[in-house]
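*Asks:* Here the sequence shown stands for residues 1086 to 1211, numbered as in the numbering used here.
Keep in mind that the hints are not guaranteed to be accurate.
Taking lysine-lysine pairs in the BS3-like style, the calculated list, with each CA pair at most 25 Å apart, reads [said to hold, decoys possible]:
#1 Lys-1203 x Lys-1168
#2 Lys-1161 x Lys-1203
#3 Lys-1203 x Lys-1162
Beta-carbon label-pair distances, calculated as ranges [what the hints assert, rightly or not]:
#4 Ala-1160 x Ile-1189: 20 to 28 Å
#5 Asp-1107 x His-1202: 21 to 29 Å
#6 Ser-1164 x Glu-1134: 22 to 30 Å
#7 Val-1211 x Tyr-1155: 21 to 29 Å
#8 Ser-1154 x Gly-1100: 24 to 32 Å
#9 Leu-1130 x Ser-1169: 18 to 26 Å
#10 Ile-1140 x His-1202: 19 to 27 Å
#11 Glu-1134 x Ser-1169: 23 to 31 Å
Read the hints as simulated data drawn from the structure, not as lab findings.
Backbone N, C-alpha and C define an ideal beta-carbon position, used for all residues, glycine too.
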Amino acid sequence: MIFDASSLYILLKRGNLRSLTDFTTLDLAFYEVGNALLRELRRRLVTPESFGNTISVLGGISELMNVESYRELDAKKVSEISKSTSLTFYDASYLTLALTSNDILATNDDSLSDEAHKLGVRTVSV
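Let the sequences and hints guide you as you build the complete structure.
*Replies:* In structure tokens:
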């Protein structure tokens, strides 16, 4: 199963990391989740201590999961998907990975899920 940033973020906030073991994500997800956590800090939704602790846990997730990098994706396919849909290049990257690996995409992003279904990719939400 491929996990996008939205699904990783939710599982991280829930403290439910064991369910990620041996599944796959893109290296991009860590930057996206880090940005989401930083927004929470800047909005004072979390304390600096909580932010630091969560970032530390985020770093450990890469030990549980298979982490694919952008260079392993078909950049042309990512580009085609992002141009032909309403998806960002980020989201098109997750969808490309799911398509090329013939795997399920775990996402809580409705527009990504909708586009995935149009392309024949099964999705689940966390």
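*Asks:* Where does the structure disagree with the numbered hints, that is, which hint numbers, in rising order?
*Replies:* 6, 9, 10, 11
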